[in-house]
Amino acid sequence: MEPSQNDLERLMLFEHARITAESNYAKNPNDADNLTKWGGALLELSQFGDINESKKMIRDATSKLEEALVIDPAKHDTLWVLGNAHTSHAFLTPDHEEAQIYFDRASQCFQKAADENPGNELYLKSLEATAQAPGLHMELQKHGFGQQAMGGGSSASSKAKSSAKKMSSDLKYDIFGWVILAVGLVAWVGMAKSNLPPPPAR
Numbered sequence: 320m321e322p323s324q325n326d327l328e329r330l331m332l333f334e335h336a337r338i339t340a341e342s343n344y345a346k347n348p349n350d351a352d353n354l355t356k357w358g359g360a361l362l363e364l365s366q367f368g369d370i371n372e373s374k375k376m377i378r379d380a381t382s383k384l385e386e387a388l389v390i391d392p393a394k395h396d397t398l399w400v401l402g403n404a405h406t407s408h409a410f411l412t413p414d415h416e417e418a419q420i421y422f423d424r425a426s427q428c429f430q431k432a433a434d435e436n437p438g439n440e441l442y443l444k445s446l447e448a449t450a451q452a453p454g455l456h457m458e459l460q461k462h463g464f465g466q467q468a469m470g471g472g473s474s475a476s477s478k479a480k481s482s483a484k485k486m487s488s489d490l491k492y493d494i495f496g497w498v499i500l501a502v503g504l505v506a507w508v509g510m511a512k513s514n515l516p517p518p519p520a521r
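Take any residue in the sequence shown, note its place counting from 1, add 319, and you have its number in the numbering used here.
Possibly wrong hints are sitting among the right ones.
In silico EDC-like pairs for lysine to aspartate or glutamate, Cα to Cα no more than 20 angstroms straight-line [to be verified]:
id	residue 1	residue 2
1	346	328
2	375	341
3	375	414
4	374	423
5	461	414
6	375	386
7	444	434
8	374	416
9	375	385
10	461	434
11	461	416
12	444	423
13	346	391
14	346	386
15	375	417
16	374	417
17	374	391
18	374	334
19	374	414
20	375	334
21	374	386
It is worth saying that the hints were derived from the structure and are not from the lab.
Let's have the full structure, built from the sequences with the hints guiding it.
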């Protein structure tokens, strides 16, 4: 499937964000905001590779986000992005018991984020969605989407293989779609907070 212009633009945007964060990390490795941006960019970039590349990028994103939490354990936006990384990893894991471990980690991250920033609707909705995610994962596995996503299963013709590849790609975009929106919102809020005008002089 040929990537769309929008996909290419997103790829370039997040690759630029990754490179910038990596460069900033060399200057200041203790910047939790930068590590969060780096992890978020890696999570977004994980959508553009095959399953193995995606899992590696998600593991790298998780590492950066956990490093940010060592610096600032109460950083709710980092907790939320880490929850999304665990959710993404769970959906790319065909074994339900192994996936459940990632769903549990995601739930813990979303709960901590909600505890640190009470009333945040996004965190509460993420927590709610994660509670339903294991059921969705089981349904996807039962209908063979997990095997297709992992490249398993056999098909009788190249047309069936192409269809399975398209369904796998579509499923991957569906799963990561909400993650894109969420990370974008966090980045936007972070930029908005950093560009607040100074308070008026009294």
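**Prompt:** Can you name, in rising order, the numbers of the hints this structure does not satisfy?
**Reply:** Violated: hints 1, 10 and 17.
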